[in-house]
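*Asks:* With the hints as extra help, turn the sequences into a complete structure.
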Amino acid sequence: MNKIITYGLLIISSFSFAQELPSLVLKDLDGNDINLNTLVESENIFVFSFWATWCVPCINELDAISEVYEDWQDETKVKLIAIATDDTRTKKRVRPMVNGKGWEYLVLYDDNQDLKRALNITTLPHTLVLKNQKIIQRRTGYNPGVEDELYEIIKENSN
Amino acid sequence: MRKITLFIVLIHFSFSIHGQTIDGLSVGFESNSTWYNDDKKTGDFADEANKDQDEHFRANNYLKIDYNFLSKLTASVQIESYEPFALLNYSTNFEGTNLGTYSLSYKTSNIDATIGHFYEQFGSGLILRNWEDRQLGINNALFGGKVSYRLLDVVDLTAVYGNHRVGFETSDGTIFGFNSEFELDSVFKWDEIALNIGFSYVGREDKIDLENPNYKPTTNAFSGRVDFNYRNFYSSVEYVTKSEDAIVQVNQVSNDFIKPGNGILFNTGYSKRGFGLDATFRRLENMSFYSNRKKSGNIFFENIINYTPGLTKQHDYLLTNIFVYQAQSAVSFLDPALLKAGEIGGQLDFFYNIKKETLLGGKYGTKMAFNAAYWAGLKGAFDYANQDYETEMFGFGSKYFSDVSLEIRKKWNPKWRSIFYYVNQYYNKKEIEGNFGAKPIVTNIGVIESTHKLGNGKSIRIEAQKLWSDSEKHDWIGGTFEFNLSSKISFYINDIYNNGDDSSTAKTHYYNAGGSYTKGATRVGLNYGRQRAGLVCVGGVCRFVPEATGLTATVTMAF
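Protein sequence lines correspond, in order, to chains A and B.
The first sequence begins at 10 in my numbering and counts up one residue at a time.
The second sequence begins at 7 in my numbering and counts up one residue at a time.
Derived from the structure by calculation, the hints contain no laboratory data.
Simulated crosslink set (SDA-like; lysine to any residue; CA at most 25 Å straight-line):
1. A:Lys36 - B:Leu190
2. B:Lys222 - B:Gln393
3. A:Lys36 - B:Tyr245
4. B:Lys78 - A:Asn141
5. B:Lys278 - A:Val77
6. A:Lys125 - A:Asn141
7. B:Lys78 - A:Pro31
8. B:Lys472 - B:Ala519
*Replies:* This is the structure we're talking about:
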């Protein structure tokens with residue numbers, strides 16, 4: 010059995026392909042519906058960061074980016090969308106936490122993890138970089154300094 | 007097995023046709039495997055659930071493939087393998103290799119239809135939630151059909167019908183439900199106000215094998231909800247009722263103890279930049295709801311219909327997770343001295359950002375988070391002899407749990423940042439776990455965490471933890487050291503140790519050491535260590551795991 014799975018993975022990984030976001034509608038903090046496909050319809054770079062209020066590395070990453078986010082936006086017009094994967098237990102902490110920390114990101118709720126599941130994300134934090142509606146980079150996990158690497162990718166790809 | 011081979015061949019075939027243009031494909035792979043070894047200190051390896059002592063190597067593998075084609079259709083399949091057995095503490099229903107879930111969905115801007123396995127949530131999940139948590143071994147996807155329709159961009163309607171996934175089988179009991187959400191602010195063209203209302207119904211039919219049952223096979227649950235938002239202020243309320251059904255205790259369905267259930271959830275908050283305040287109140291009475299009555303309260307969360315997480319702060323550190331509260335939604339009349347019908351309580355969150363360039367804020371500002379939670383049993387008249395009770399609507403019974411915590415995050419300079427964490431907990435083991443001899447315990451826990459950036463992607467992180475308690479049994483100390491060699495490679499070691507005289511944990515090091523390599527969306531981790539017996543919690547749901555020692559490898563990939 011394991012051989013078959015390995016074989017399957019090998020076939021799949023031998024192809025390189027660019028993926029798009031699934032067509033989903035998520036709610037923002039004020040309860041407005043946000044259509045993901047319309048959201049990323051521009052030539053700018055979009056960063057999707059999957060996080061949760063209980064995930065310390067996620068918060069460290071979003072805090073670290075928050076400190077330099079203004080500079081990033083001035084230079085590249087990049088937009089960061091923070092996808093809160095908190096389920097009902099901690100969902101209510103999302104809004105006060107985002108405001109309490111003064112994050113300037115667009116934050117969307119994915120409380121039954123439909124988007125996370127569709128993109129086959131298993132561990133948090135998980136970051137996607139999108140250009141022209143295509144995912145050009147994915148990364149899982151956060152170590153201090155990863156935000157600098159992320160910014161290099163954004164700069165390389167921004168016009 | 008044959009099914010899967012066929013499936014892989016099909017994928018290969020379809021790849022050959024499409025060549026490189028396989029835009030709509032998304033693949034995720036996760037593998038968790040452990041070699042359990044005999045531990046001189048805590049005993050030899052033994053798997054009581056599978057009655058096995060020989061298969062030291064266990065692996066759980068998940069391969070999920072989603073393929074979007076003809077723009078509106080998505081086929082999804084998840085293959086799972088538990089060979090030779092699942093990791094310790096998973097349900098024995100997860101056995102062998104097979105198709106875990108599969109579905110076909112059709113989606114346009116206003117229709118979303120699925121046949122096969124699907125995950126759905128109505129409102130907060132208090133009435134219906136299907137979800138997957140591989141770490142806890144939960145997958146209660148419904149197998150059947152679902153249709154959602156969005157009307158005029160203001161109304162969402164959903165209907166579901168199906169049976170729960172249980173291991174690789176499906177439940178005998180059937181679930182059918184309907185959900186509606188109305189965006190009133192869009193109807194009235196309000197700009198600053200958001201007002202949504204929702205109404206749901208969930209029915210469960212589970213056959214009864216009794217001659218003269220005093221309850222019906224079908225149990226009906228209804229939920230009504232209002233969500234309100236005005237500028238920085240928000241509020242929501244949900245009320246749920248469940249029709250009369252037999253009380254189930256330790257797999258015994260009682261034909262003479264028939265009760266309805268209900269739940270109230272209220273939340274309100276105010277937040278603006280640099281400030282957030284949030285308060286939640288919840289009362290649950292007899293809200294245990296399963297697709298198979300007999301499985302009520304099973305530790306693997308199989309057949310569970312609704313989601314009633316413990317509403318407390320989910321702490322992040324090892325010593326803050328020794329005494330964890332689990333929601334008490336079920337009726338329990340096991341002993342005259344221990345009568346429970348539900349829970350009542352709430353929590354308060356406060357977030358504050360002290361501005362930069364102020365006395366307490368310093369150069370970079372200081373971030374604070376405060377949480378307080380209190381939970382108690384329902385107050386009422388409990389009649390053990392006649393198996394009956396009458397509860398008071400807003401009465402607080404005996405105290406189950408409380409938790410007060412303060413977190414301060416401080417950046418000192420571009421290289422150093424620290425987190426200070428303090429928690430005070432009260433845990434009533436007798437009431438929460440039904441453990442008669444146990445006394446309530448009060449603990450105080452302090453944690454200091456510091457991260458130091460060394461440049462070139464290198465950094466170190468250190469955690470020091472201490473738990474004091476009013477019991478001779480628990481006096482813990484713990485620490486973590488983490489070294490990030492680059493953004494891709496990191497190593498860690500941690501240990502917790504109980505200086506108290508608790509018979510099951512005293513004088514034992516629960517240590518773990520490991521490393522991980524990350525490249526893009528691929529992560530490989532290797533870890534060796536001893537796991538403490540206790541609750542493993544994800545998203546407010548906790549499962550008890552016994553002590554085990556072993557070498558664990560994890561691989562996650564996403565394409």
